Each structure stands twice: as structure tokens, then as C-alpha cells.
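Protein chains in written order, with the working numbering: chain A, 391 to 590; chain B, 13 to 248.
Computed cross-link-like contacts, DSBU-like style, restricted to lysine-lysine with a CA-CA straight-line distance of at most 30 Å:
#	chain 1	residue 1	chain 2	residue 2
1	B	Lys-203	B	Lys-15
2	B	Lys-166	A	Lys-452
3	A	Lys-452	B	Lys-24
4	A	Lys-452	B	Lys-61
5	B	Lys-225	A	Lys-452
6	B	Lys-222	A	Lys-452
7	A	Lys-452	B	Lys-203
8	A	Lys-452	B	Lys-29
9	A	Lys-452	B	Lys-75
10	A	Lys-452	B	Lys-15
11	B	Lys-37	A	Lys-452
12	B	Lys-17	A	Lys-452
Cβ pair distances, simulated, as ranges:
#	chain 1	residue 1	chain 2	residue 2	range
13	A	Arg-528	B	Ala-21	42 to 52 Å
14	B	Lys-176	A	Ser-429	22 to 32 Å
15	B	Glu-195	A	Thr-580	50 to 60 Å
16	A	Gln-451	B	Pro-224	23 to 33 Å
17	B	Lys-177	A	Pro-523	41 to 51 Å
18	A	Thr-448	B	Glu-195	20 to 30 Å
19	A	His-422	B	Ala-170	41 to 51 Å
It should be emphasised that the hints constitute simulated quantities derived from the structure, not laboratory data.
Every value quoted in this text rests on a predicted model; they were computed, and no experiment measured them.
Glycine is no exception: its CB is placed at the ideal position from the N, C-alpha and C atoms.
So you can see what is in the structure, the chains are spelled out below.
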Amino acid sequence: MQAPLIGICRHRLSIDGAGVTTLVAFHGCPLHCQYCLNSQCLEPDGIWRMLSPQDVMTYLQKDDLYFRATGGGVCFGGGEPLLRSAMIVELCQLMPTEWAVTVETSLNVPLHHIQAVMPFVRQWIIDVKDMNPDIYRRYTGIDNTRVKENLRWLKENPTSIIIRLPHIPDYNTPDNIAASRKELETMGFTHFDEFDYQVR
Amino acid sequence: MEKGKKICAVLKDIRQKIADANDIKYAPHECHHEGPCAGTCPACEAEVKYLEEQLNTRRFLGKAVMLTGIAVGMTSVTACAQSKVPNNDGNDGDDVEMLPGDVLAPEPDSTDFVGKIPEPTDSIRLIEPGERPLAGIVPMRVPMFPGGPEEMEKFIKANMVYPKKAVKKGIQGTVTVGFTVQEDGSLTNVKVVQGVDPLLDQEALRIVSKMPKWEAGGVGSHTSVEYTEIPIPFEF
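Turn these sequences into a full structure, and let the hints steer you where they fit.
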């Protein structure tokens with residue numbers, strides 16, 4: 391098995407969860423966000439390398455000491471990492487269980503991808519964009535019904551979740567963000583990360 | 013302090029913490045590199061290997077190893093050791109970075125190559141061929157360009173022919189080349205691990221093909237076949 395990557399980043403300090411982490415960033419995404427900073431993940435020639443789980447492990451193992459000592463580990467991002475759930479599962483089966491696994495996702499994927507990686511993930515970082523369907527569609531180009539369904543499924547399964555609520559210039563307002571937060575709180579979510587998208 | 017140096021400092025502190033917790037003699041290399049730092053370098057990686065060897069020795073001797081969670085909370089710098097990385101939709105802004113592939117343009121300041129592997133001291137001796145590993149062994153030697161990293165930098169500068177087309181197009185960046193250093197010091201399986209542009213990638217491969225034999229890696233009088241990677245910066 392091989393999967394296309396746009397990059398691997400070592401020694402990220404407290405960016406993707408606790409401790410020292412390595413980001414494994416996959417190619418491919420179901421969204422077409424207006425301000426996507428990794429637009430290469432949508433371009434056919436945006437692939438950095440095709441790697442097998444064993445190949446990726448050679449990058450990850452270098453920092454085993456740091457991962458264990460700091461409570462860090464691996465963060466899967468992209469692109470949309472869950473589209474490569476089979477690869478993530480295989481990788482997680484190769485990793486020491488002490489490594490913390492974080493997934494940065496839009497959650498706009500078929501549920502079976504989430505179910506597949508669920509047993510291995512210690513923390514989910516979910517960028518919901520905006521819960522308003524019209525704003526979401528205008529910004530990403532697709533519908534967010536599946537995001538909401540998947541959020542409900544995740545909520546039923548005990549796990550650590552941080553919801554990202556971005557301020558998206560020209561797309562949502564503080565009132566929209568507050569409305570998204572309220573909807574999510576009603577669903578039972580409690581940890582939020584509100585921030586501004588960087589437009590470049 | 014430059015971001016890479018901050019990462020390097022944090023990682024060094026973590027290594028020190030691991031060494032202290034396990035009663036391992038550890039003297040971090042003194043880094044005199046003044047240019048941009050990628051947060052890690054072969055000398056830093058050698059120290060990690062050294063600690064791993066020491067911890068394995070402790071395990072072999074049935075001693076307790078203190079590792080899990082001992083450096084929790086020490087990672088207060090927000091940055092990444094390699095080059096520019098975008099994260100999903102810009103959280104953390106400029107601080108969000110990653111090791112790029114060919115498309116994500118790497119920063120020209122890739123890797124700090126200054127520093128040396130810790131030298132054996134009176135209390136640290138080399139393990140001899142056939143000897144069982146005991147406490148106090150020195151780390152594995154990493155393969156090295158003859159004369160060290162500074163000589164390698166000189167060699168690269170002296171032999172680099174910046175492709176004219178790349179100059180016209182304004183292409184800069186650091187190409188990472190990986191290869192295997194055989195026991196006799198010859199370089200095999202040379203390949204571009206992290207490219208910038210085919211023009212620069214080809215020149216980087218040409219430079220490595222011109223390199224003299226390296227000093228092979230190993231332990232004590234043993235030599236071993238080792239894979240290594242080097243950055244070749246292209247800057248106007």
C-alpha cells in the first residue's frame with residue numbers, strides 16, 4: 391500500500407497536540423476552500439512522494455525518543471487525511487502505542503473512514519469551517535450535511551475532540567461563529583478553538 | 013532567537029532531561045553555526061542515537077529506564093524543524109510549517125551541519141569488536157564528509173554550478189540528497205529526497221557524484237553501511 395503525501399514535518403512543538411509531533415500530510419481533499427493554504431493537495435502534480443506505511447515509519451522512528459518523553463506523537467493532516475484511512479490504520483498498527491495520534495480533519499468524509507481510525511486516535515482536531523450550510527457551501531464548494539452527521543456519531547463515542555471555529559474573512563461574521571458554537575454546544579461539544587484564517 | 017535555533021534548544025533540553033533522568037553522561041555538542049538552523053542536524057541526530065544506545069544498554073543490564081512523559085510541558089516553542097508548511101487553512105499562521113515536497117517551496121536555510129559527535133572521554137570508552145555492550149559505550153559514528161561538515165560546505169560551494177535557467181527563473185531552495193555510505197566510504201543509491209526544481213535537483217546530484225569517499229559510520233573500529241541525507245542550499 392502506498393499513499394500520496396504533500397509532506398512530512400518533524401519537530402512541531404505543541405502545534406498538533408501535546409509534545410513533539412511529526413505531521414504527516416496527505417494529498418487529496420473533498421473540499422475546495424477559498425483560502426486553502428495547501429492547494430497543492432488538490433493538484434495532480436502536488437504530490438511530494440508516494441510512500442508506504444513502512445516508508446513513513448522510517449521518518450517517524452527518528453523521533454521516538456522525543457515522542458515518548460514529551461507525550462507527543464504523530465499528527466495526520468493534509469489535505470484530508472481520513473481519505474487515507476486504510477494507510478493510517480496500517481501505520482498506527484506499526485507504531486508503538488505510546489505515541490499519541492492526532493487527526494486534523496474536516497470530517498467531510500464517509501463515516502467508515504472515521505470508524506476505521508477511531509480505535510487509534512487520541513485526539514481529533516476538527517475544522518468545521520462554519521455550521522451554516524450556506525456559508526459552508528459558499529466557502530468549500532460542498533455541502534456540510536455529512537459533517538454534522540459525523541459529528542453526532544463522534545459525540546456518541548468517547549474521545550478527545552477540539553472543534554476549530556475559524557473566522558473566515560468575507561464568508562462569516564462573529565455572529566455566525568457564535569451561532570456555530572451554540573449549535574455545537576447543543577450537540578455536546580465543549581472544546582473550541584476560535585481563530586482567524588490567514589488570507590494570503 | 014531564530015525559530016530553528018529555538019527548536020534546537022528545546023530538543024537539546026529534552027535530551028538533557030532524558031540523560032539526567034537515566035544517569036547518562038551527556039555533553040551536548042557546542043554549536044558554532046551562525047546561519048539559519050533547521051532545528052536539527054546530523055550532530056543533534058547523533059546525540060539522539062547516543063541516548064538511544066545508552067537507554068538500550070540500561071535495558072540490557074536490567075536497569076530501569078525513565079522516559080515516558082519525563083519531558084512533558086517542555087515544548088513551548090511553536091514551530092517546525094523543517095521548512096515552510098501550511099496547515100489546514102492557516103491556523104497558527106506563519107508558525108505553521110512543514111517539511112515540503114517538491115511543491116511546497118523549502119526555505120533555503122535547511123540544515124545546520126556544524127557540530128561534532130561527542131568525543132570519548134576518560135569515563136566513556138569505545139566498544140571493541142565482539143565485545144558485549146556495557147554501560148559507557150560511545151555513540152555510533154555517523155558517516156562524515158572527509159574533514160567534517162565545514163569541509164563539505166566548502167566542497168559544495170566550490171563545485172556548484174548554479175543552473176543558468178534556474179537563475180533566470182529565480183529558483184532558489186535547498187535540495188536534500190540521500191545516499192548510502194558504504195563501509196569503504198563510497199556513496200551509493202544517491203537520490204533526491206526533497207527536491208526544489210529538476211534543474212537544482214540535477215545539479216545537487218551532480219555535486220554529490222563528485223564527492224570523495226566519506227568516512228564510514230560505525231562503532232569503535234567497526235565500520236558499517238549507513239544511510240544519510242545532506243542539504244545542498246542553492247542561493248543567489
